[in-house]
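These protein sequences, in sequence, are chains A and B.
For the first sequence, numbering that gives the first Met the number 0 assigns the number 0 to the initial residue and increments by one for each residue that follows.
For the second sequence, numbering that gives the first Met the number 0 assigns the number 0 to the initial residue and increments by one for each residue that follows.
Treat each hint with caution, since some may be false.
Stated by the list, open to error - Derived list of chain B stretches under chain A, where covered just means 3 residues or more per stretch with a C-beta under 8 Å from a C-beta of chain A:
1. 19-27
2. 36-48
3. 127-138
4. 146-153
5. 216-229
6. 285-295
What the hints assert, rightly or not - Okay, the calculated beta carbon distance ranges per label pair:
7. Leu110/A with Phe280/B: 49 to 59 Å
8. Gly100/A with Leu11/B: 27 to 37 Å
9. Gly135/A with Ala219/B: 33 to 43 Å
10. Ile23/A with Leu31/B: 28 to 38 Å
11. Ser155/A with Phe140/B: 19 to 29 Å
12. Leu110/A with Thr246/B: 40 to 50 Å
13. Pro33/A with Leu113/B: 27 to 37 Å
14. Asp71/B with Leu27/A: 31 to 41 Å
15. Ser42/B with Pro219/A: 12 to 22 Å
16. Phe312/B with Leu27/A: 51 to 61 Å
17. Ser155/A with Leu31/B: 46 to 56 Å
18. Phe312/B with Leu171/A: 41 to 51 Å
19. Asp40/A with Ala207/B: 44 to 54 Å
These are calculated hints, taken from the structure and not from any lab test.
Glycine residues also receive a C-beta, built at the ideal position from the N, C-alpha and C atoms.
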Amino acid sequence: MTRDKRFARWRLIILLALAALLGILCLLAPRLVPNDPYKVDLLQAKQPPGAQFPFGTDGFGRCVFSRILVGARVSIFSALAVVGITLVIGCVIGTLCGYFGGAVDTVFMRLVDIFLAFPGMVLALAVAGMLGTGLGNAVIALVATGWPQYARLARSFVLTLREENFVYAARLNGQSTWSILLRHILPNALRPLIVTASLSIGGTILGLSGLSFLGLGAQPPAVEWGSMLSDGRGLMQQAPWIVFYPGLAIFITVVLFNLLGDSVRDVLDPADAFHIFRKVKALRHRKGIPTL
Amino acid sequence: MENSLRPKGHSLGRYALRRLLLLIPVLFGVTLLTYGLMFLSPSDPVEMLLQAQGIPVSPEVVSAMRVRMGLDRPFLEQYFAWLWRFLRGDMGVSLIDGEPVWLMLKSAIPRTLLLTASSVLVTVVLSVPLGVLTAVRQNRFSDYLIRFLSFLGNAMPSFLLSLLLLYLFALRLGLLPVLAGGSVKGLILPTLALALPMSGRYIRQVRAAILEQLGKRYVAGAISRGVRARTVLIRSVLRNAMTTILTLISLSVGSLLGGTAAVERIFAWRGMGYMVMDAIFMRDYPVIQAFVVWMTILYVVINLLTDLSYALFDPRARKGLGVRS
C-alpha cells in the first residue's frame, strides 16, 4: 500500500468516526439537551447566548441549542434516508434494465429521460407542493428527483459487467439469474454507486433543509434546522443568534459529509473499479493458470 | 448505394432538427407527469376554488362545478383537453383570484431570467479565472486558499448566505436594500447569494479540467518550442477546456431554475420561485403546472443549445454527436 493510499484510508476512518459520533449525538439528543426544546416561555424570549442558554433563545423563548440538538436527527437522518432510498430504487431499476434489456429497459429509460428533463429543484418543488407540506413528502420529492441518475449509472455499469467472463462462467456453472445478479453483478456495480451516494449526502442535506426553509418540509412541533432559520429570519436584527447557530449547524454538517464523500471517492476510486479482477487475472497469468 | 467516401453523419442543422424532434416525446411525458401530479394531491381543486371564491361547499355545488371544469371526465381526456389549451397558450386562470396564469408568468419570468442570468454571469466570472489560477499555481498557497474557500462555499446553502449577506450589508452596514424590489441595487445581494456557492462548486471543476489539459503533450510541445505560457493557456488550454465551461453554464442554469425560490422569498424578488411558493401554499394548481412546464421547457432548450454549442466549438464533439464537420 502506498503512503497516499494509507493516508486516504486513515482520513476515511477518522471522518467515518466523526460521522458516527454525530449519529450517536443525534440519537442521544433528547437526553443531552440542557433545556426543554419545545417549552415556550415568552418571558425568556430572544435571550442572547449565556450560561443557561448556550446559543440563546428564539422568539418564543425556546432554547436554540437544545432545538439544534433535537433537530439534528430530522435534518441528518432524513437526508440519509433520501440517499439510501434513491440508491436502492436506482440500483434495482438500473440493474434489472441493464441485465435484461428489452421492453422493460426501454420503458424505464424513457421514464428516466423524462424525469431528467425537469430541473431538479423544479421537480422537487412540484412533488412536495402537490403532495402537501410534511417531512415525508419532502423526502418523497427528493427521492423522485434523485433516482433517475442512479438508475442510469447502475444500468451503464451492469451493461459492461454483463459481458464479463466471470458472468459467463457463472452462467455456465448453472447459477440462477438471481444468484448471478446478487453475487456477481451487484457487488461489482455497487462501488461507483456508493461513491456517488456518499458524495450526494451533503447536497441532500442542503436540499432538504432548503425545502424546510421554504415551509415544505418538517412541520411544527417537529424541529428542523432549515425551518429554524426560516422562523428566525424576521428577528434577525434583534436576535441574530436564532439564525446564526442553526445555519452554522447546517454548514458544519454539510462540510463533514462533503469531506466524507470526497474521502470515500478517494478510497473506492471508481477509476479502478475492476482492479480486483485485474489483480486476479495478473496472478493467474503469473502462475500460468489459463484465464477465462 | 451508400458512397463510402461521403463523410459520415449529418449537418449541424439536421442534427438540431433531429434533437428537436426527439424532444417531443420527452415533453409529452413531462406534461403528462405534471398534470398527473395534481391527482396525487390530497386536496380537491374544486373545493379550493369554491372556498377561495367564498361559495359555501355543498355536494351539489361541488359536483356542478366539477362537470363545468371537466373534472368528471376520464383522466386522459382531461389531460388532452388541458394540453390542447396549453399548446394554444391558454394556461387557465389562478384558482385564487381568477387572474390569467399567462399574465402572472409575463411579469414573473423576466425577473427570474434576470436573476438567473446575473448569477450565471457572476459564477462564470468568478469560477473560470479562479479555476485557471488554482490550476496554474497548483499546490502553491493561492491554490490551497482558493480551494479551501471554494470548499466552504460549496457547503453553504444559498438561503443561509442570503440571510448572512442581508444581515451584514443591509441591516448592519445599511449599504444595500433589504428587499430587492426589482431594482438593480437590489439585485446585488440575491445574485451573490446564488453565485458564491455555485462558484465554490465550479472552481474545482474548472481546475480539474485545466489540470487535465496542462498534463497533455501539446502543452509541453508548445512550451518547448518557445511559445509563451500565457499564449498556450489562452489559445489552446482554455479552448480545450471550453466544453467543461459550457457544461458548467448549463448545469448552473439548471440548478437555478427552481433553485432561486428560497432566495426570491428572502429578498421578496417576485419571480417564478416567489410565485410558485405562493401557489403551493394556496394549492393553486394551474399556476404550479404552468411553472413546472415552462421551467422544464426552458431547461430542455438550454440543454439542447449547450449540446449544439459543443458541436459548434469542438470538432471532436462533432464526431461523437454524429455531426459532419
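Between Leu110/A and Phe280/B, does the C-beta distance stay in 49 to 59 Å? Distance hint for Leu110/A, Phe280/B is violated at roughly 30 Å.
Cβ contact check, 8 Å cutoff: the stretch 127-138 of chain B against chain A, three residues minimum: violated (count 0)
Against chain A, does the stretch 285-295 of chain B show at least 3 residues with beta-carbon separation below 8 Å? holds (count 5)
Go ahead and decide if the range 27 to 37 Å is satisfied by the Cβ distance of Gly100/A to Leu11/B. 32 Å Cβ-Cβ, so the 27 to 37 Å window holds.
CB of Leu110/A to CB of Thr246/B, is that within 40 to 50 Å? Check failed, 24 Å falls outside 40 to 50 Å.
Holds or violated: 41 to 51 Å for the Cβ distance of Phe312/B and Leu171/A? 49 Å, holds
Beta-carbon spacing of Phe312/B to Leu27/A - inside the hinted bounds 51 to 61 Å or not: 55 Å, holds
Asp71/B versus Leu27/A beta-carbon gap, inside 31 to 41 Å or not: Violated: the Cβ-Cβ distance is about 54 Å, outside 31 to 41 Å.
Honestly, do Ser155/A and Phe140/B meet the 19 to 29 Å range at C-beta? Violated, at about 40 Å.
Hint says 27 to 37 Å; check whether the CB-CB distance for Pro33/A and Leu113/B agrees. 47 Å, violated
Does the Cβ distance between Ser42/B and Pro219/A fall inside 12 to 22 Å? 20 Å, holds
Report holds or violated for chain A covering the stretch 216-229 of chain B, Cβ cut-off 8 Å, minimum 3 residues. Answer violated; 0 residues pass the 8 Å Cβ test.
In terms of the numbered hints stated before, the structure departs from hints 3, 5, 7, 9, 10, 11, 12, 13, 14 and 17, listed from lowest to highest.
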